[in-house]
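Novice: Starting from the structure of chain A, add chain B where the hints point.
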Amino acid sequence: MENIFINYSLFILFLPLAAFVIQIFFGKRLPRQGDWVSVGAIIITLILSIAMFVAMLMGKDPNFKQEASFTWLDMGAFSIQLGFLVDNITVIMLLVVALISTCTHIFSLKYLEGDIRYSRYFAYLGLFTFSMNGIVLSNNLISMYMSWELVGVSSYLLIGHWFEKDSAANAAKKAFLTNRVGDIGFFIGIMLIYTAIGSFVFGDIFEGVSTGMISGTTLTLAGVGLFLGAMGKSSQFPLHIWLPDAMEGPTPVSALMHAATMVAAGVYLTIRIFPLLTPDALLIVAYVGGFTALFASTIAITQNDIKKVLAYSTVSQLGYMILAVGTGVYTAAFFHLVTHAMFKANLFYGSGSVIHSMHHALHEKHDHESDPQDMRNMGGFKDKMPITYWSMLVSTLAIAGVPLFSGFLSKDAILAGSLSFAQHHPEHFLLPVFGFGAAAITAFYMFRMMFMTFHGKPQMPELINDIHESPKEMTGPLVLLGTLSIAIWYILPHFNPISTHGSWFTSLVQPVTAVVPGNLTAHSIEEGAHHAHNLAMGISIGVAAFGIGLAFLMYLKKVLSAERWGNRAGFMYDWSLNKYYFDENYDKYLYQPTLRLANKIAWIDWELYDKYFINGFGRVTNWASSVAGKFDYNIIDQILVDGLGRITDNLGNILKKIQTGKLQNYLLYVTAGVIILMIIQSF
Amino acid sequence: MQELNTYLFVAAILFSLGVFGVMTRRNGIAILMGVELILNAANINFVAFSRFGGMNLDGHIFALLVIVLAAAEAAVALAIIINIYNNLNTINVDEASALKE
Chain A
1 MENIFINYSL FILFLPLAAF VIQIFFGKRL PRQGDWVSVG AIIITLILSI AMFVAMLMGK
61 DPNFKQEASF TWLDMGAFSI QLGFLVDNIT VIMLLVVALI STCTHIFSLK YLEGDIRYSR
121 YFAYLGLFTF SMNGIVLSNN LISMYMSWEL VGVSSYLLIG HWFEKDSAAN AAKKAFLTNR
181 VGDIGFFIGI MLIYTAIGSF VFGDIFEGVS TGMISGTTLT LAGVGLFLGA MGKSSQFPLH
241 IWLPDAMEGP TPVSALMHAA TMVAAGVYLT IRIFPLLTPD ALLIVAYVGG FTALFASTIA
301 ITQNDIKKVL AYSTVSQLGY MILAVGTGVY TAAFFHLVTH AMFKANLFYG SGSVIHSMHH
361 ALHEKHDHES DPQDMRNMGG FKDKMPITYW SMLVSTLAIA GVPLFSGFLS KDAILAGSLS
421 FAQHHPEHFL LPVFGFGAAA ITAFYMFRMM FMTFHGKPQM PELINDIHES PKEMTGPLVL
481 LGTLSIAIWY ILPHFNPIST HGSWFTSLVQ PVTAVVPGNL TAHSIEEGAH HAHNLAMGIS
541 IGVAAFGIGL AFLMYLKKVL SAERWGNRAG FMYDWSLNKY YFDENYDKYL YQPTLRLANK
601 IAWIDWELYD KYFINGFGRV TNWASSVAGK FDYNIIDQIL VDGLGRITDN LGNILKKIQT
661 GKLQNYLLYV TAGVIILMII QSF
Chain B
1 MQELNTYLFV AAILFSLGVF GVMTRRNGIA ILMGVELILN AANINFVAFS RFGGMNLDGH
61 IFALLVIVLA AAEAAVALAI IINIYNNLNT INVDEASALK E
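Chains A and B are the protein sequences, given in the same order. Per the working numbering, the first sequence starts with residue 1, numbered consecutively. Per the working numbering, the second sequence starts with residue 1, numbered consecutively.
Don't take each hint at face value.
[Claimed, not checked] Restraint-style ranges between C-beta atoms, simulated for each label pair: (1) Val76/B <-> Lys662/A: 15 to 25 Å; (2) Asn56/B <-> Lys656/A: 42 to 52 Å; (3) Asn56/B <-> Lys662/A: 40 to 50 Å; (4) Asn650/A <-> Val76/B: 33 to 43 Å; (5) Asp649/A <-> Leu57/B: 49 to 59 Å; (6) Ala75/B <-> Lys662/A: 16 to 26 Å; (7) Lys662/A <-> Ala74/B: 14 to 24 Å; (8) Asn650/A <-> Ala72/B: 39 to 49 Å.
Worth flagging that the hints you see were computed from the coordinates, not collected in a lab. The structure displayed is predicted, hence computed values, not measured ones. Beta carbons are placed, not taken as given, at the ideal position from N, Cα and C, and that holds for glycine.
With the rest of the complex left out, here is chain A:
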């Protein structure tokens, strides 16, 4: 039992990587462009993940933890340990990643059929799954950071899958660069912690924090730095701008990465580092999350692109999770992460199914002008696509927070957490207001989307006959994930549909008290949340009903005119429609000045530095070398080297004269020499 978890994790980690390598090098030459390699690999990882999950359920040990590490770099005093950490959170997260990834692979078989870069697409999916599992499994900040960047890269590659489109290429770049901003914070956080504690491993870090090796402002800064990375990846305000644009990628990718798993990496990181966040840092986290939840949901109201609605809804739901971490109920955040992964991936697959069908219908009519993603072109698809409709409806009920569905449970836990936080700290009453406001708006815009897409009269009646249900490779994941959006799976082994109390999830994922002194203990947070539970549940059902009712009246019964209300809201409507002009303002106040600065610097670089300094340096070198060359030739070569030769030559000429070759001469010299010696001797 000991190492089985680690071994399985290694397989889960590296199988998708192997699939990636095979696909990238041989994909095009394999039959069916090798999609079976990727799908096979991911199904094996899914089976392994399920095996681990079942083993974990059997174990029923809330403190279950396996760690394995090795020394990656050793330079005397500086050594880096890398390793794996498998605990209950990891196992659940691995299962979520493997499940959504498998669904995406299967869904993509049909969705991307005939794509020019079909094999490469599957290769990148493998790379992504590898890097995501890397984040989930790492027990230290360094390997997490590496996987973090790898996730960024695979996201970049997949968003830019159709890079012939400028918008896709730009969206990929935007996602990558926006993430970079957050990652700088992440890196600074890592370095602050390493400088103080001297280790990257979570266990050592928490121990170091609890013994006060790092505290006060430094710890707050480190926590906020790490959270900045999470903000980038989980697209929190003000770094949320990339996620809606990332919808340029293929829809299954949006489901996998930009809804269910990759963006959850930020939340996952915040959950992992939760014990070291100081009260101040937690407050920042809570406000960022809460504000993002409300802010993004207000944008989602007015969007007409079906994927944009879902994108902003994702930002908003991620805000919820972050809010939950900030208010201390981080198990609720993780719970919401899991349920959200299921229903949001499902909603994206559903939208993919609709878009796929729209695309084919438009193609049939040779209509290349109409946007297949615009909800204003849809309507009345309910009878044409029943499977898509019903599974999406289940997920919509889940995200809207209707009882009996998974989202209700997790959202309720989060709202209870924020409510109890506000009861502890009345000055932060805004946090639950954010939460409940966002809940109401979410219910409203999700049903707006459902009504506009599936109900009412077809807006383009000429298309409706060509709208068909998608093939079973696409409906299969829809049905599976739709089923998983029902509450029953999360409340087992009890059957209490309004509370997760005593379910397998809450008994396996138990909150740990933060190691930072001054934070509330896990027990008191839970206690508070438990007390706030009923109130929160009441309000959340109320606001969900209000949102759904409003959408029902506006978009189904048309009793209230959406247009009139839009006009009545005036500038607020415009702001929401234009996403609060974030892109425009970033462009005006951030990108353009940066570009101008870059141009100035480029001018300095080229005109001054390059022309005067570099070229001047070149000229000086040129002159110096010509002087040195002259010296070398005239002095060293001509006088010293050749002079030595000439001296030898002259000496040789002189000395060769006594070398006559006549024996008699030599003998004469010898005799004369002997006689001279004898004369000398005789004195």
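Specialist: Same frame as chain A, now just chain B:
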């Protein structure tokens, strides 16, 4: 002791004649003859010192060795001279200067 000086005297004259012969002659065979004179002068000295120096028969044996050596030397040298003659048609050693420069 008078006797020893006599022998040494004869030997010295013989040696000088030999050196003179070697130095003045251009004829290879004549040079060889001079060398023989030098060797024999040495032989006389060996024998004389051996006889008068009370050194048993060491000197005699050396003289015999020198004679053998001289015979070998003459054989080799004559062979060289014959070859020189065959190649250059002369036995004048000055003519055999092909290795010079």
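Novice: Any hints this thing doesn't respect? Which numbers, in order?
Specialist: none
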